[in-house]
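A.B. asks: Each chain is listed here by its residues.
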Amino acid sequence: MSSAYRYLFQNIQIGPVRLNNRIVFTAHLTNLSENGLPGERLAYYYRERARGGAGLIITEEQSVHPTDRAYEKLIEAYREDVIPGYRLITGMVHQYGTKIFAQLNHNGNQGSSIYTGLPLWAPSPVRDPLFREVPKEMDRFDIARLVASYALAAVHVREGGFDGLELQASHSSILRQFLSPLTNHRRDQYGGSLENRLRLVLEVAAAVRNVVGEQLALGIRLSGDEFTDGGLTLEDTVEIARRLDQSGLFDYINTSVGIATRNLYLVEGSMAMPPGYSVYMSSAIRKAVKIPVVAVGRIKDPVQAEQILRDGHADLIGMVRAQIADPWLANKALQGMNDSIRTCLSCNQDCIGRVGLNKTIGCVQNPAVGQEKTRGEGCLKPAPKSRLVLVAGGGPAGLAAAKTAALRGHRVILWEKEDVCGGQVRLAARLPYREEFLDLIRNLMHCLEEAGVKLRTGCTASPEKILAEKPDAVIVATGSLPQHPPALASGGENLYTVRQVLEEEPELGQNVLVVDQQGFYQAAGVAELLAGRGKRVEIVSPNLYVGQGLGPTLDLEMWYRRAHQLGITMTPNVTVLSVKGSTVRGVHNYSGREVEWHGVDSVVTAAPNRVNDELYFALKGKVAALYRIGDCLAPRRVDAAILEGYRVAAGL
Amino acid sequence: MNHRLNVLSPLVIRQHTLKNRIVFGPHRTNFAVNHRPGDRHVGYYEERARGGAALIIIEGGVVHPSDYPYENAIFAFKKETETGYRRIAEAVHRHGSLVVAQLNHYGGQATGGLSRREVWAPSPFPEVNTGEVPKAMEEEDIRGVVAGFAECAARLCALGLDGVEINAGQHSLLRQFLSPLTNFRTDAYGASLENRARFCREVLEAVRRAAGPGPIVGLRLCGDEYAPWGGLKPEDSRDLALRLCSGGLVDYVAVEVGSIYSLYLTAASMCHPEDYAAPPARLMAQSLAVPVCATGSVVSLELAESLLAEGIQLVEMTRALIADPFLPVRSGCAGDEARPCILCNQGCFVHWEMNPMLTCAVNPRAGREGEMPVSGKPAARSKKVLVAGAGPAGLEAACTAAERGHGVVVYERWERPGGRLGLAAKVPGCGRFQNIIDYLYHRALSLGVQFRFGRLADQSTVASESAEAVIAATGSLPSPLPFPVEPGVDFLMPEDILEGSGAVGRRVLLVDLEGGRRAVGTALGLAGRVEKLEFLSPELVISPELVPSGEFVHWYQEAYQKGIVFRTQLEIVRATPSGVEVLGSYSRKPEHLKGFDTLVAVVPPTPSRDLYDELQRAGVEVWAAGDCVAPRGLGAAIREGRSAGLKI
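Those protein sequence lines, which keep their order, are chains V and R. Residues 3 to 654 in the numbering used here are what the first sequence spells out, letter by letter. Residues 56 to 703 in the numbering used here are what the second sequence spells out, letter by letter.
Only chain V is shown next, with the shape it has when bound in the complex:
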């Protein structure tokens, strides 16, 4: 055992189950199911984290009843044909000594009837703020059916070979809806007093325990604090935990925060949230119970995890995004290879953002996510013939391509016109609360030269220089260039792009208008940066609200609060048409009325970049194997850059 860790790699007993270490890959949505069933894709996803050394894996939620299909890809645990998929998963995970529990759940009113045509079930007919559908107030028959359905699902879980079960009573769950006075307005024996509100959870747990006996571990996940007026507070949750512990039905308690459909930004905190932001909750609960408690909440690295254990805040550490980004985190930590861990950024773009939009889970840094069978560790095979590969551009696309090609045994030369690599990611990291983006560059640069990449920084790749090398393949990753929105293309003295502001730090006037055509962090971040320096800032956007793109990554709420504190004015629904000196003109998209600003000292524009494809077209037809990747193909986000870099190099 590595001497750096006294606690993280200690065994622990969870009911009947012994774990090798304290690192848990806790439940999270993946959208990797197939027609409502778990399949090979999900099995390989979990297997990869087991190979990488996680002590315990808890599956994503498994729906116990047909009235719950909160989203299209929800796995239906009440179907008997779920068992073969379960066996596939547990068989794969068990090969590596990792234990695996299944999480059972019903989302209650936090769902939609669009897939089922059935009314939603909930304690009371209270509409969820996200799904906006009034549910059916469950009658006693419904409650009995729900309890029985948990028991049936538990049978399938047991037959599927799992080591344990977890009941979700946290951020998106009917059990929490019964626990919370916010959603439980019942006047029968399931509502009112805490004892009554706990009744359903205890009935479900007893029914499940009755199925699995003492052979399987049984846990429960609680939301530490609903952070909503009239909802459960940490004090309430500690009391709930104490009573659940006293029931003797449970072997551990897992934690979470908030309500997924009301304040998801607290459930899966972005990089604007402090690391370990909800550890104080597991800490409070742990003081009140005897069974082991799991801490979660942006725990990104093994040293941080070790410290939480050492300080007694928890017995186990949930690390989800950290192990999405690097499935081998546990083994690397154990072997003292912390430097080679691909640290999660908490950017939330492809894990949370994609899943929220009904797409399969991904990771901006890890192109293997969801494709572990073909891209997991060991899948990258040496190239049949080592070739000379030239990569033009050391942004994320070029770096990913160079590293991947070199790992396969190609001779790789990377040309970067700047003195340092990283491209626009370096600029993105200069925005407030975005500095963790620098980890992305660090991760890509790590061992780049050991992998055999010859770096030529401060060196522009011209067609002549490239052709002179007589390369076997050329990968063009020359990125993109800033531009103003088409209406302002002619520019002006007081007109700057976001990139200019970040790169050149020009002296701007007091009154700044930010013209946003993107809706993501470029405008929002630069506005915050400038307002933080004392400027009077207004953002104008043609969208329905400013910062539309901040929603999927869960940055919106926190940014809005900061923006209000900084006095940033937001003007949505307006298209800017012209800038003449200090006068800016636009039009309201719906009223058609003209909008005018006077006394604007500086205008900062955030518009999509244009491709920098000159080199590509100069080389087209002149080299046998020519590729272009990332922004110089089409300016998008960093996930596309890294994925294309990997994909092209993996196929060389």
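Treat the hints with care, as some may be off.
On the chain R side, residues computed to face chain V include the following (Cβ under 7 angstroms) [stated by the list, open to error]:
hint : residue
1    : 173
2    : 616
3    : 661
Derived CB-CB ranges, DEER-like [to be verified]:
hint : chain 1 : residue 1 : chain 2 : residue 2 : range
4    : R       : 301       : V       : 511       : 54 to 62 angstroms
5    : V       : 493       : R       : 407       : 31 to 39 angstroms
6    : R       : 133       : V       : 161       : 47 to 55 angstroms
7    : V       : 612       : R       : 145       : 48 to 56 angstroms
8    : R       : 67        : V       : 89        : 53 to 61 angstroms
Read the hints as simulated data drawn from the structure, not as lab findings. As the structure is a computational prediction, the values presented were derived from the model and not from experiment. Where a beta carbon is used, it is the ideal one built from N, C-alpha and C, also for glycine.
Given the coordinates of chain V, work out where chain R should sit on it, guided by the hints.
C.D. replies: Okay, now just chain R, sitting in the frame of chain V:
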């Protein structure tokens, strides 16, 4: 004279005879399984053929691997789709109808979210809805897509389909090339009309070559992009059509409207006139030698007829046929009324990433033809059934039960049928909701259902009517206000305004806690009648429920142009005699909104199910349907009404 002569008269295209002029147009269904046409497709299209549509156009198939527009898209470029296409062709042909497959490439209107690669478009400018920057297609890309269209056409025509349709309408790469709104190329494919038409022309030539002279090759064009600048206008589209149709490449032209700035206009809601898409089709019909097919919201045979009288030769009645597949057959039988499409778009609009399968709010069988019978089996024994509530759930339940041979009496507390849907129909622009009420009510009357209006059902009426079974369809009520209201402060409800019963002052504050059409519709009903009208919402945006379909554009335009002042992101703390105290959702700053003499609150509904609970306790056979189970919408009400009527 038979005034249906035209719509039921045949039309010959090449050697194919369309038995009438009614077309079931292409539309996304999300029915595909593993990117192949599935069982649902077969049942769905066969039903429309059985009901008499002359021509079925299958939802757009993807022609090239660079395009992955939505998760359940049919990948026509894959050979594995052949079985599904063949099954559809056989099913449709069994009923004497024709079937063509639409072929498409979404171009820049797709995203890389599913394909995880770049999207292709004529020019590298961000798409206005997705914001995604595409790659400007290189010449070899264009050649690849042309070949993709041709290969798919050859394969599908050889399978027994009657032809293909090339999409250059909404959601298409070809329109993006045709339009100066999206095509900024400077090569042979951009700038002049001739150049912008080149790609589409190359596709049509290749498709005709590949398909041979027999099959139908149709072309779908956007007749008017309704763009704020630079978009195609009807005259531009006509000129393009003339160029594209020359040389006998094209056998019919279907004319849509709407493009990137007007997605909601391609299958517009009931707020728009039924013939809103007809003008460019009329213009084309005057100039083109080939038949022109009108599209849009045609749901009545009267409009279809008048379009035909204007020289248009085919009429798409897609949504009308979703609501009632048998509309064409019924049109020949006097007195056989079709179930009306009300253009509500609640179930058939499936253009969003959550991939719901197509349904129909008024027709629970749509898309489920294989699992649900057309009508219920006759009841084993005729019972006396009492239905409580004459909203859509109660009316549908009454019809279904009566059809099965039960004796049905309906109790309704109001003096009219329709329930809360009747109020929805009073929102400006939403009058078509009344059509489904009228249809169901007349149908119930014709089936011998008795109505007792102005009477509330309770346990004693169940006894006095000697009812053996009860269907509770008692609907919903407004939920209580979720903030404290000081004494002396009164809120009006939308119904007070829509029915004209509330006394409205001069300065109105409307508080929307629901987020749908009702609040903005109520506000529009007030606009112009009052001095000051402010609309308050705790949400990020006004009427978020209208955003996914794009319908919000219409409502926002109306509301902003009428001077309604919107205040969003404000939570309501309490209502006092001097106004409403609010708190900024993000600023957390308090504010007191004052100076109003009328307060209106729009709140979500809460179920009204006392009768059901009471009868259940009393041991009466009782079933619940619609909003009294959980207030959702019209689709759930009709579906559950039908299902309750089948259970007794």
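A.B. asks: Now tell me, hint by hint, if it's right for this structure.
C.D. replies: Okay, the hints, checked on the actual structure:
A distance limit of 7 angstroms between C-beta atoms decides the matter here; for residue 173(R) the minimum to chain V is near 4 angstroms, and the interface restraint holds. With a cut of 7 angstroms, the hint placing residue 616(R) at the interface with chain V holds, because the nearest CB-to-CB distance is about 6 angstroms. The beta carbon of residue 661(R) comes within 5 angstroms of a beta carbon in chain V, closer than 7 angstroms, and the hint placing it at the interface holds. Against the hinted window of 54 to 62 angstroms, the Cβ-Cβ separation of residue 301(R) and residue 511(V) comes to about 58 angstroms, which satisfies the hint.
Judged by the Cβ atoms, the range 31 to 39 angstroms given for residue 493(V) and residue 407(R) holds: they are separated by roughly 38 angstroms. Taken as a hint, the range 47 to 55 angstroms is violated for the pair residue 133(R) and residue 161(V), whose Cβ atoms sit roughly 36 angstroms apart. Range check, residue 612(V) to residue 145(R): about 50 angstroms between beta-carbon atoms, so the 48 to 56 angstroms window is met. At roughly 60 angstroms, the beta carbons of residue 67(R) and residue 89(V) sit within the given window of 53 to 61 angstroms.
Against the hints set out earlier in the document, a violation occurs for number 6 only.
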